[in-house]
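Sequences and hints are given; from them, build the entire structure.
Keeping their order, the protein sequence lines are chains L and W. Residues in the first sequence are numbered from 1 upward in steps of one, following the working numbering. Residues in the second sequence are numbered from 1 upward in steps of one, following the working numbering.
What the hints contain is simulated information worked out from the structure, not anything from laboratory work. Mixed in with the good hints, there may be bad ones.
[What the hints assert, rightly or not] Between beta-carbon pairs, the in silico distance windows are: (1) L:Ala50 x W:Glu325: 33 to 41 Å; (2) L:Thr163 x W:Gln146: 40 to 48 Å; (3) L:Trp33 x W:Thr255: 27 to 35 Å; (4) L:Glu157 x W:Asp291: 35 to 43 Å; (5) W:Thr181 x L:Val161: 49 to 57 Å; (6) L:Glu107 x W:Leu96: 41 to 49 Å.
Every residue gets a Cβ at the ideal spot worked out from N, C-alpha and C, and that includes glycine.
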Amino acid sequence: MLCALASASAFAQTGDTPSVQAHHVTVSGGLVWTSGYAIGDANATLRGNAVGPTAPPFTLFRAQSSVDGSAGVDARVGFAITRTLTVEGGLSYQQPGITTELSGDAEVAAATIDAEQLSQYIVDIGVLWEVPRLKLGARARPFVIGGGGYLRQLYDERTLVETGSVYYAGAGLRYWLRGGDGLRRAFGLRGDARAVWRRGGVEFEGDVRTMAALRLAAFVEF
Amino acid sequence: MTRAIAALLVAALSLARPAPADAYLKFGFRVGATTVDVKWTGVPVRYFVNDRDIPGVTAADMRAAVARAAATWQGVAGTTLRFEDQGLTAAAPVGLDGRNTLGFLDRPDLDRVLGATSLLIDASNGSLVEADIFFNTRFTWSVAPQGESGRVDVESVVVHELGHFVGLGHSAIGETEPLATGGRRVLGSGAVMFPIALTPGATADRVLQDDDEAGVQDLYAPDAANRTSGSVTGRVTKNGRGVYGAHVVAFHAETGRMVGGFALNANGDFVIAGLDPGPHILRVEPLDDADVESFLSGGVDVDFRAAYAPRMAVAPVGGSSGAIEIQVVPK
Numbered sequence: 001m002l003c004a005l006a007s008a009s010a011f012a013q014t015g016d017t018p019s020v021q022a023h024h025v026t027v028s029g030g031l032v033w034t035s036g037y038a039i040g041d042a043n044a045t046l047r048g049n050a051v052g053p054t055a056p057p058f059t060l061f062r063a064q065s066s067v068d069g070s071a072g073v074d075a076r077v078g079f080a081i082t083r084t085l086t087v088e089g090g091l092s093y094q095q096p097g098i099t100t101e102l103s104g105d106a107e108v109a110a111a112t113i114d115a116e117q118l119s120q121y122i123v124d125i126g127v128l129w130e131v132p133r134l135k136l137g138a139r140a141r142p143f144v145i146g147g148g149g150y151l152r153q154l155y156d157e158r159t160l161v162e163t164g165s166v167y168y169a170g171a172g173l174r175y176w177l178r179g180g181d182g183l184r185r186a187f188g189l190r191g192d193a194r195a196v197w198r199r200g201g202v203e204f205e206g207d208v209r210t211m212a213a214l215r216l217a218a219f220v221e222f
Numbered sequence: 001m002t003r004a005i006a007a008l009l010v011a012a013l014s015l016a017r018p019a020p021a022d023a024y025l026k027f028g029f030r031v032g033a034t035t036v037d038v039k040w041t042g043v044p045v046r047y048f049v050n051d052r053d054i055p056g057v058t059a060a061d062m063r064a065a066v067a068r069a070a071a072t073w074q075g076v077a078g079t080t081l082r083f084e085d086q087g088l089t090a091a092a093p094v095g096l097d098g099r100n101t102l103g104f105l106d107r108p109d110l111d112r113v114l115g116a117t118s119l120l121i122d123a124s125n126g127s128l129v130e131a132d133i134f135f136n137t138r139f140t141w142s143v144a145p146q147g148e149s150g151r152v153d154v155e156s157v158v159v160h161e162l163g164h165f166v167g168l169g170h171s172a173i174g175e176t177e178p179l180a181t182g183g184r185r186v187l188g189s190g191a192v193m194f195p196i197a198l199t200p201g202a203t204a205d206r207v208l209q210d211d212d213e214a215g216v217q218d219l220y221a222p223d224a225a226n227r228t229s230g231s232v233t234g235r236v237t238k239n240g241r242g243v244y245g246a247h248v249v250a251f252h253a254e255t256g257r258m259v260g261g262f263a264l265n266a267n268g269d270f271v272i273a274g275l276d277p278g279p280h281i282l283r284v285e286p287l288d289d290a291d292v293e294s295f296l297s298g299g300v301d302v303d304f305r306a307a308y309a310p311r312m313a314v315a316p317v318g319g320s321s322g323a324i325e326i327q328v329v330p331k
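Now the structure itself:
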């Protein structure tokens, strides 16, 4: 609280417009949370027994797998091309687990099993555009973002890697706690909500999966 | 109707026994202090077909069916296994004559045995020297392309027996139910090498399943298999003690491949090789879907309930998962 008050004071004294300056660099770091998502259903089937080459399969059990929601850390570096348009790259790290629900087994009751935890890295690049005519008070500026990146998921024993790609689009808010002046750096908080489309990685059906992601970070402008 | 395996006993030979620590089940042979795989070391493997005709199946039909079945096994990716048809012979498909012979034989005494394979093994290194397969004329047979209701499909049984012929034992991937008349009926089968045949007229066993392919690759393409596949290891326990003979099936949720293995020592240890890389669901069950003796002999524990491993096991490329313990409870 003390820090926030001090910062607010500094921002008021400078009278800066709450916006990133063109050709300036911003660095941010914070937390990211991603919702869980399904990664595929599968039936363990045996060949049925009937006359001819084919017969209805015999289902031994069914498996429904999902990646659990998880929190992690996120760091980003952006370069402001203009006061409203920033190109940024980021790296995030999370450790989601995989859960599989087993059912339909004539000999075993329905059960839930866990896979080994994943170590997940995403390297992405995207653009952030502050909506010029949209202001929420003196310090807050809404923005929209979009981009894509590389997904790398390692199983817990680090013996197997799955890779894929992610794409995202969303919106968020920058809130300046202090404006920049000379050697003093402008800084603030930013948060965004995104829809994320993921292709590849740990995936049992080859589908594109959609999930939600939230990010909250502190940023400094250089 | 069950299929039987017979190991031919002559001087310096002994019964085949399961090789330790692998998926499916391979024949193994004790040489000194180690158990080695029973397999052909020279290719091509030459064989003859007995020239006897039976109702519905001529010797030429039989020869063609054997050729198709041989092509099925040698067609498994990466294997060095090759067969060579030497034509028809008047020699019976039993006994020591220096020839590998397949054909029909009158065995009315074996009222549940469709066919059987006998193996002659070199005791110095476990390599196969001679093998014969007979098909029991007690049953009615068919070579109809789509199968024929009530008649046993020749090609399906040849494929199964050729699995023994090349060194594979029985797979336990299958579910059965007991029949009121005795014996068991197959509900579903995940391997040609399952010891109980499908209903007469079924032809599904002409096509190898994942477990069969993993087995023959292990024997005849180990280097190729090791480069592209992985394995999972673990232990089956009941009240803290190992469970000998527990059957473990590894299911890959992405590829749908299912490969089985056995806990082959008193500690309950198992290794399932030839797996697609990735996470596997492990399911363990007792060997109660067929005669236990058709898989393993002596001391097999079937007094436990089927269960799943508490987590998935990840098979890495060219390596093995960390050991996983699967706890089961008595029935």
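Against the structure, the hints come out as follows:
Checked against the given bound of 33 to 41 Å, the beta carbons of L:Ala50 and W:Glu325, roughly 39 Å apart, stay inside it. For the pair L:Thr163 and W:Gln146, the beta carbons lie near 45 Å from each other, so the given range of 40 to 48 Å is met. Between L:Trp33 and W:Thr255 the beta carbon distance is about 31 Å. The supplied range of 27 to 35 Å therefore holds. Distance hint check: the CB atoms of L:Glu157 and W:Asp291 are about 38 Å apart, consistent with the given range 35 to 43 Å.
Between W:Thr181 and L:Val161, the C-beta spacing of about 54 Å keeps the proposed range 49 to 57 Å intact. L:Glu107 and W:Leu96 have their C-beta atoms about 45 Å apart, which keeps the hinted 41 to 49 Å range intact.
Checked against the numbered hints given earlier, the structure satisfies every one of them.
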